[in-house]
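Engineer: The chain contents come next:
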Amino acid sequence: MTLIAFILLAVLATVGYVLNRQAAAAITADGTRLHSLKHFHGLFSLLSVLVPVLVLLCLYLALQTPIINMVTMASLPDGVLDGMGDGAQQLVLAEIRSVSQGRVFGTPEDWKIIAAERMVALYQYADIAMVTMVIILSSVILVLTRRRVTAEFRARQAAETIIHGFMIACSTVAILTTIGIILALAFEAIRFFEMVPFTDFLFGVNWEPQIPIREDQIAAEGAFGWLPVIVGTAVVATIAMLLATPIGLLTAIYLNEFAPRGLRAVVKPVLEILAGVPTVVYGFFAILVVAPALRGAGADLGIGISPNTALAAGGVMGIMLIPFISSFADDALSAVPRALRDGSLAIGATRGETMLKVQFPAAIPGIVGGVLLAVSRAIGETMIVVMAAGLMANLTINPLDSVTTVTVQIVTLLIGDTAFDNPKTLAAFALGLMLFILTLGINVLALRIVRKYREIYD
Amino acid sequence: MVDTTQMGTPPRKTSLTHSSAQVARRKRKDVVLQGFGIAAILIAFSVLFILVASLVRTGYTAFVQTHVTLEVFVDPGEISEEGLPRGGFRDVLTAALLENLPEADPDEDARAVRNILSNGAQFDLRDRVVADPSLIGQTITLTAPVSDPFDQLNKGGVNRETPEDQRRVNNQEVAWFDTLAEAGLISTPFNIGLFTHADSRFPELAGLKGAIVGSFWALLTCFVISFPIGIGAAIYLEEFAPRNRMSDFIEVNINNLAAVPSVVFGLLALAVFLNWFGLPRSAPFVGGMTLALMTMPTIIIATRAALKAVPPSIREAALGVGASKQQVVFGHVLPLAMPGILTGTIIGLAQALGETAPLLLIGMNAFITSAASSPFDASTALPTQIFIWADSPERGFVSRTSAAILVLLGFLVTMNAIAIYLRNKFERRW
Amino acid sequence: MNDMRLTERNMTDQKIKMQARGVDVFYGDTQAIKTVDVDIQDKTVTAFIGPSGCGKSTFLRCLNRMNDTIDVCRVTGDIRLDEEDIYDPRVDPVQLRAKVGMVFQKPNPFPKSIYDNVAYGPRIHGLATNKAELDEIVEKSLRRAAIWDEAKDRLDQPGTGLSGGQQQRLCIARAVATNPEVLLMDEPCSALDPIATAQVEELIDELRERFSVVIVTHSMQQAARVSQKTAFFHLGELVEFGETSQIFTNPQDTRTESYITGRIG
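Chains as they are written, first to last, in the numbering used here: chain A, 1 to 458; chain B, 459 to 888; chain C, 889 to 1153.
Hints are supplied without guarantee of correctness; some may be wrong.
As the list claims (entries may be wrong) - Quick list of in silico lysine-lysine cross-link-like pairs, DSSO-like style, CA-CA up to 30 Å:
id	chain 1	residue 1	chain 2	residue 2
1	B	K485	A	K268
2	A	K357	B	K485
3	B	K485	C	K1019
4	C	K1040	A	K357
As the list claims (entries may be wrong) - Derived contacts from chain C toward chain A, CB cut-off under 7 Å, selection only:
id	residue
5	M990
6	N996
7	F998
8	I1012
9	A1016
10	K1019
11	A1020
Worth flagging that the hints you see were computed from the coordinates, not collected in a lab.
Note that the coordinates shown come from a computational prediction; the quantities given were computed from them, not determined experimentally.
Built from N, CA and C at the ideal position, the CB exists for glycine as well.
Extracted from the complex, chain A is given alone in its bound form (with noise of 0.2 Å):
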């Protein structure tokens, strides 16, 4: 159904395009000049009809399963919901949902049977509202607009208009994103902090994100200090930075002034390979060769290596980052304007002093930005963490130990079923929000040296 109204959205929307251009040209039949050409007035036809429909027809499309949810959660008998809590709730419609798709498990209650019926009948209901819907306002505006067409309708200024309404709502996507990020996390992590306190929180040493699972269950309380897990991300995220800082830049330095421009036109797609690589491809590499590797390794020298030990993942980490920071670097140091080259070289400089002396500091600001770019990437990356680091919060900068990461965390917690109702979720959320904080923080700063240093030498 959903199907058949975009099609006849623009099935309509073709029509007035052909109804008003051919009554522009009915017009201009007995000579009468147009102020606009025939094909603006299709246009507008067109644009009017398709613009406001479908922005209903998303509209309906977002909030048609909340609201048959809420219908259906309020016409249940009364009692069935008497005492359960919002999880047992969402666990209700969940079945209701599942029998109202013919997945039946086990024999459920007659009540929810008929709820499921219920919600059958409302989609149904709901999908013939919507077709009936796109064709009466489509049918409307088709008439309205093709009242409009006179010799001296402005249809180009009014076309123009639409469209840049368009790229003008097109842009403020950006925005609506970011707030849409904030409001979500904020909102989630907010109610996670009514739960547990945000100081125990932020200071806590021990994260053990267990929830009971039944109510008179007392051992597993559950602990959300988010120490241990920051500790860790950091110890990644050196590691990857130890590593990858200086190959980059080492790349970087050779590209830009030593290599020869065959070897250069080589090195150059390969590093973009390195960089396109996705990450669950280096999360699979460091669990396959190098943490066995590493731990091989670790036991001919008789060091006790753990199997998720820091080093496999911000290794990993640090080789993903090579190309991130030689292209950053190489596009600083190319930055660096060509005449103060010149004027090192003719003072009988060599290229390397020339180098590390004159071009390097002089493309620093650049270089730092790419660098800070990079450990807010090793901070938020997640699939080598996840693949490659440990579960289990240690409080330890010991790189040879198993850590833990923010992001671990947070799809471990979130991964399977959820539901929105305990602190193990939400602990997810407020996770989340101190990660985009704090990648934020350092992106705005990050940007803004960057940009900053481009003023510089433009």
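Once you've looked at the hints, dock chains B and C against the given chain A.
Structural biologist: Quick look at chains B and C alone, frame taken from chain A:
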């Protein structure tokens, strides 16, 4: 104070070709620096080499699959037309195997012998009989995959020298397999199932169809949403927006979005799309919307760069003949910028194809044994399938994972090659 | 004392510091310089003049092998510094450039302090063994470049904060700090205002006492003011070379005459 008449030492009368110790030392430093640079590049290269080599080494075996070819008597005693689709298909297959293994005891070893065949073989047989019930009572030739331990045995993944108790196949099973091989019943054809099957608990049956279809739907959704919105935003910001604090703010916003960790987008999708709007879990459509939000900054940045590269003279020329600003942009500037925009879009989509973390959070790592037929069905995607398989304990999934990665990298290389081709073909120097 | 120096100068006046024979320069496939022969005398200012694009800057950059830093550039022919072939494969351009310094069209001070700008050359060449010696060289160089009085109180401030004319004199100080034998100047005044230009021209005249100076200029007046020898380039060829006074008053070649009278250029 210095004696200004004796300014500087007299010019050093050293020959240009004579290298002093000091110059030699400086040049050595230069060489050392270059050496470090080359070493850094070598490290990057060798890592890439090890990465690809280890993937190929573990993954190439998954592109072929060990099959056994059996003459199967479709015993009417086990399978009756009325009973279809139920019937003793498994027993029929076991009987066919036993026929080729004279040394196995039909009663005691039946269970063990049956395990040579993949669990999927009985369903293959069932589907054929259901499609053509006249086969009942006849003998048909069936080629079916063997189960994972025997597949590994055939491909050398199981070392025959290892002590029996540390092997996944015991000596008797090895002997049976060798008997079948000597009878010429074992073949190792190209593993079509890798591309035509969806996921399975059994490595020998698991394929990528579900993941590839899921990724296709997700990328399609991503493209349909991010391409028009991205271009619309870029055109507005580059060509129409007044230079004020608002457009500055939008620009900073876009640059920041490009650097927000992908897992945060997953959280956004989980909270907003799934929890607030109640969209279905594990659906490629939701995944595509999430990826679209992440791809949009890339497309906007690439489009703006491409628009910037179109020289102002083109705009002035068109404006000069009385075209409106929008006619100039859509009629002249945008077509000229299109190759650059497409290149940026393809690169953005390639990134989206490899993105994993946000898809995990919206449940696209579910175990789903059929390919999605619409973007609203539950599905996996290529990267999440890799994640699932990487997490599976069976030996057969290691090579499956590597193979899946090779397939994913194949797609990525193709997309990037197209982007590079476009860039080179249409690149214009103004 | 002054007299002694003058005699010294007169004695060396005849000495040829650099000698170029049959120099061709190619950028990829296009030839930028065609068989140029020039003699640069010691302790003399030699000016290269000619219309833009005539190859005078390209030729100047051959004299300290700065063209090496451009990938597509190829130089053939014979250029000698004190009888030594500077394009000999055994010659290290680094050592050559220490002897043949260069000042560029646009002032290009490093984004470092004034002190570090001047000390850069002496430091890399190891000309000073301690801080006091380095201080001495820096002061001496800044004095020679006639910028000491303006810079002495702000030695630790960035060189990029100076005015255009001051920056160019700083760059000259930087170039003389390594104690070169030849100083190449590529249109050193083209980015400067008239007052700064006058200061730099005065400075060039003083520098002649110690170095042989080669200056590329598009201004004939400047060439006439500062140089003793003038070479006129046109379309990559050396048209005429001789005493400045003779070139400007009695040119032998019609092309030179046309340029000087303003008919080409």
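Engineer: Hint by hint, say whether it matches the structure.
Structural biologist: To see whether the hints hold, each was checked on the structure:
1. Distance restraint check for B:K485 and A:K268: the Cα-Cα separation of roughly 27 Å lies within the 30 Å cut-off, and the hinted pair is therefore satisfied.
2. Straight-line distance between C-alpha atoms of A:K357 and B:K485 comes to about 15 Å, which keeps the hinted pair within the 30 Å bound.
3. Taking the CA atoms of B:K485 and C:K1019, the gap is about 24 Å. The hint holds against a cut of 30 Å.
4. Distance check on the hinted pair: C:K1040 and A:K357 sit about 23 Å apart at the alpha-carbon level, within 30 Å; holds.
5. Look at C:M990: its Cβ gets to within about 4 Å of chain A, closer than 7 Å, so that hint holds up.
6. With a cut of 7 Å, the hint placing C:N996 at the interface with chain A holds, because the nearest CB-to-CB distance is about 4 Å.
7. Of the supplied interface hints, the one on C:F998 holds, with its beta-carbon coming within about 5 Å of a beta-carbon of chain A, less than 7 Å.
8. Satisfaction of the interface hint for C:I1012 is found here, the shortest Cβ-Cβ separation to chain A being roughly 5 Å, below the 7 Å cut-off.
9. Hint status for C:A1016: violated, given a least beta-carbon distance of 15 Å to chain A, over 7 Å.
10. Interface hint at C:K1019: violated, since its Cβ lies 18 Å from the closest Cβ of chain A, which is beyond the 7 Å cut-off.
11. Violation of the interface hint for C:A1020 is found here, the shortest Cβ-Cβ separation to chain A being roughly 22 Å, above the 7 Å cut-off.
Consistency note: the structure conflicts with the earlier hints numbered 9, 10 and 11.
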